[in-house]
Amino acid sequence: MDKSVLQRRGPCKWELPAGESRRVPVVIFATEELLEEMDQKVLEQASNVASLPGIQKASFAMPDAHWGYGFPIGGVAAFDPEEGGVVSAGGVGFDISCGVRTLLTGLKKKDLLPKAEILADKLFEVIPAGVGSRGKIRLSPKEMDQMLLGGARWAVEQGWGRPEDLERIEEKGCMPGACPDAVSPEAKKRQEAEMGTLGSGNHYLEVQEVAEIYDPEIAKKFGLELGDIVVSIHCGSRGLGHQIGTDFLKKMVSAAASYGIQLPERELACAPLQSPLGREYLGAMRAGINCALANRQILTHLARKAFEEIFPGVELVLLYDVSHNTCKEEVHEINGKKKRVFVHRKGATRALGPGHPDLPKDLREAGQPVLIGGSMGTHSYILVGTDTSEELAFSSAIHGAGRAMSRHQATKLWKGREIIRELAERGILVRSVSERGVAEEAPKAYKDVSLVVEAAHRAGLAKKVARLDPLICVKG
DNA sequence: ATGTGC
Numbered sequence: 001m002d003k004s005v006l007q008r009r010g011p012c013k014w015e016l017p018a019g020e021s022r023r024v025p026v027v028i029f030a031t032e033e034l035l036e037e038m039d040q041k042v043l044e045q046a047s048n049v050a051s052l053p054g055i056q057k058a059s060f061a062m063p064d065a066h067w068g069y070g071f072p073i074g075g076v077a078a079f080d081p082e083e084g085g086v087v088s089a090g091g092v093g094f095d096i097s098c099g100v101r102t103l104l105t106g107l108k109k110k111d112l113l114p115k116a117e118i119l120a121d122k123l124f125e126v127i128p129a130g131v132g133s134r135g136k137i138r139l140s141p142k143e144m145d146q147m148l149l150g151g152a153r154w155a156v157e158q159g160w161g162r163p164e165d166l167e168r169i170e171e172k173g174c175m176p177g178a179c180p181d182a183v184s185p186e187a188k189k190r191q192e193a194e195m196g197t198l199g200s201g202n203h204y205l206e207v208q209e210v211a212e213i214y215d216p217e218i219a220k221k222f223g224l225e226l227g228d229i230v231v232s233i234h235c236g237s238r239g240l241g242h243q244i245g246t247d248f249l250k251k252m253v254s255a256a257a258s259y260g261i262q263l264p265e266r267e268l269a270c271a272p273l274q275s276p277l278g279r280e281y282l283g284a285m286r287a288g289i290n291c292a293l294a295n296r297q298i299l300t301h302l303a304r305k306a307f308e309e310i311f312p313g314v315e316l317v318l319l320y321d322v323s324h325n326t327c328k329e330e331v332h333e334i335n336g337k338k339k340r341v342f343v344h345r346k347g348a349t350r351a352l353g354p355g356h357p358d359l360p361k362d363l364r365e366a367g368q369p370v371l372i373g374g375s376m377g378t379h380s381y382i383l384v385g386t387d388t389s390e391e392l393a394f395s396s397a398i399h400g401a402g403r404a405m406s407r408h409q410a411t412k413l414w415k416g417r418e419i420i421r422e423l424a425e426r427g428i429l430v431r432s433v434s435e436r437g438v439a440e441e442a443p444k445a446y447k448d449v450s451l452v453v454e455a456a457h458r459a460g461l462a463k464k465v466a467r468l469d470p471l472i473c474v475k476g
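Residue numbering for the first sequence follows UniProt numbering, starting at 1 and increasing by one per position.
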């Protein structure tokens, strides 16, 4: 990125002032090094977002930001409905409520290693993965609507989990305000057999080791010790979320003119929060959030079954579940005034600081666990929300590394089989339905997640707690 | 990300 137009506001904070068509400044959080590597498109896209009606405070880009559809991935933007604020399908992303959850197992690495191969095989057997993968669950139209209304709470009621899991999920596992009627029949049809499936791309289920602890006090509160084995699941709302995105993008493109919104480009398609289309999208998107929460809950149930077979009596306890593709109604202090705004986080994680009332009681003092998924064969991180992130970026932080090259480029450079062998030599067992998928997800096809974590930590967006290293990776 | 796109 050409940083000559930016003003430095701190060691990890850069600003493009409001002006031209920008109603608010663009704020990029990054080290100088990450900023220089960042795609110029991030600044263009964040600047376009800054021109949308009703935007509050600033158009933000996180240290892991990269070029996305309309809004940058790693973008955060809040809109006030009273000031003509908008909601945008491209501002949420196609994989609605894609996110990460991490489960504690109580096992140590030495317990796991003798059974790692057999556990990898078992997990791969019970977790359907890959493009278009189908699970064992079939939802009738009535059940589909109940799932879209109830999220992970619905899944637990069906027997796929425990009530205490819900305490450790945003919105207690059920996003209010979902409207199944706003979800197209086609979207529902695509999801009929996809509950409890992992999908493809960078979605995974990993068995990981707590490899380093940076904040012993918080780690203890999270139940994390060095050498502990944890399970992380990264996936989203599958075909349903994707179809909702597709459907509403189309609707928002054709409606923008009728709402008198000047779009700097078509991909920024949006609708006023107070318009019928805006409300309809919010209802559908919230249903998509519930679909993702239910999906991760069912995958958790499947992982528990696999673990029970290999390690009888072992209990998988949910540490936390975060979403990183959402638009949520929240109260934030803006210019000294508490306001009700709609915060788009696209490839950005909510990161509530210590004491926030929305946190479960036993985590409130510590702050929200912020789960940062790595890519296959690389580190993942657990961070915690800070006191400063509310003021900095509506309590938001990074979500992961982000790609460094295209899928196509990656498949030219590597063969899946070789990647699997190299990872096995490093003690990482990969199970995947697609060798090409493995090549596309090669560790070096991604940016170094450690650098973006360091930048988020230094910027004050979230604080480092622990690093996780993969041992088993189940992929699509 | 996606019943992948060129």
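There's no promise every hint is true.
[Stated by the list, open to error] Within a straight-line C-alpha distance of at most 35 Å, the following computed DSBU-like cross-link-like pairs (lysine-lysine) qualify:
no., residue 1, residue 2
1, Lys415, Lys110
2, Lys142, Lys110
3, Lys221, Lys13
4, Lys122, Lys136
5, Lys57, Lys3
6, Lys172, Lys136
7, Lys251, Lys110
8, Lys415, Lys41
9, Lys136, Lys115
10, Lys41, Lys339
11, Lys415, Lys136
12, Lys220, Lys110
13, Lys251, Lys142
14, Lys337, Lys3
15, Lys122, Lys13
Simulated from the structure, these hints should not be mistaken for laboratory data. Computed from a predicted structure; not experimentally measured.
**Those earlier numbered hints the structure runs against, lowest number first** = 2, 7 and 15
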